[in-house]
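Work out the full structure: start from the sequences and follow the hints.
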Amino acid sequence: MIKDRIDVIYKNVDDLIPYVNNPRDNANAVDAVASSIKNFGFKVPIVVDKGNEIVTGHTRLLAAKKLGMEKVPVIVADDLTQNEVKAFRLADNKVGELAQWDFEALENELGGGGRH
345 MIKDRIDVIY KNVDDLIPYV NNPRDNANAV DAVASSIKNF GFKVPIVVDK GNEIVTGHTR
405 LLAAKKLGME KVPVIVADDL TQNEVKAFRL ADNKVGELAQ WDFEALENEL GGGGRH
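Be aware that the sequence shown starts at 345, since it is given in our numbering, and climbs by one per residue.
Calculated from the structure, these hints are not laboratory results.
Any given hint could be a false lead.
Okay, the calculated beta carbon distance ranges per label pair [claimed, not checked]: (1) 427 to 379: 33 to 41 Å; (2) 422 to 455: 38 to 46 Å; (3) 415 to 395: 17 to 25 Å; (4) 411 to 432: 21 to 29 Å; (5) 361 to 448: 41 to 49 Å; (6) 351 to 409: 21 to 29 Å; (7) 375 to 435: 20 to 28 Å; (8) 415 to 452: 34 to 42 Å; (9) 447 to 395: 38 to 46 Å; (10) 428 to 356: 24 to 32 Å.
Here are the computed lysine-lysine pairs in the BS3-like style, where the Cα-Cα straight-line distance is at most 25 Å [what the hints assert, rightly or not]: (11) 430 to 387; (12) 355 to 409; (13) 355 to 410; (14) 410 to 382; (15) 355 to 382; (16) 410 to 387.
Virtual Cβ for every residue (Gly too), placed ideally from N, Cα, C.
Okay, structure coming up:
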């Protein structure tokens with residue numbers, strides 16, 4: 345069942361617990377994510393389970409800490425079972441790898457011409 349409403353709340357970064365078995369190595373992305381947060385704001389909340397363990401958003405947490413942020417936006421996925429949390433954690437990290445770039449559209453977006 346899809347929730348009609350999702351509440352974004354702010355939590356202290358020190359209250360969030362990184363998932364110990366996180367299969368992603370986020371180190372190379374931290375600077376880029378920190379730059380994005382600095383330039384555009386924190387637009388994608390971290391998702392945690394009911395125990396404050398991170399479901400998705402490990403890199404965003406590391407970036408927030410790098411920027412010296414004390415609080416970050418969070419969605420509490422308290423409607424998911426432990427198995428659903430595990431499946432969501434993996435799906436969220438994997439689905440981006442399935443997309444491909446349309447290089448003509450990308451060139452156009454970056455101002456290099458292409459289609460209109």
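Requested in this report: Could you check the structure against the hints above and give me the numbers of any it violates, in ascending order?
Outcome: Those not satisfied: there are none.
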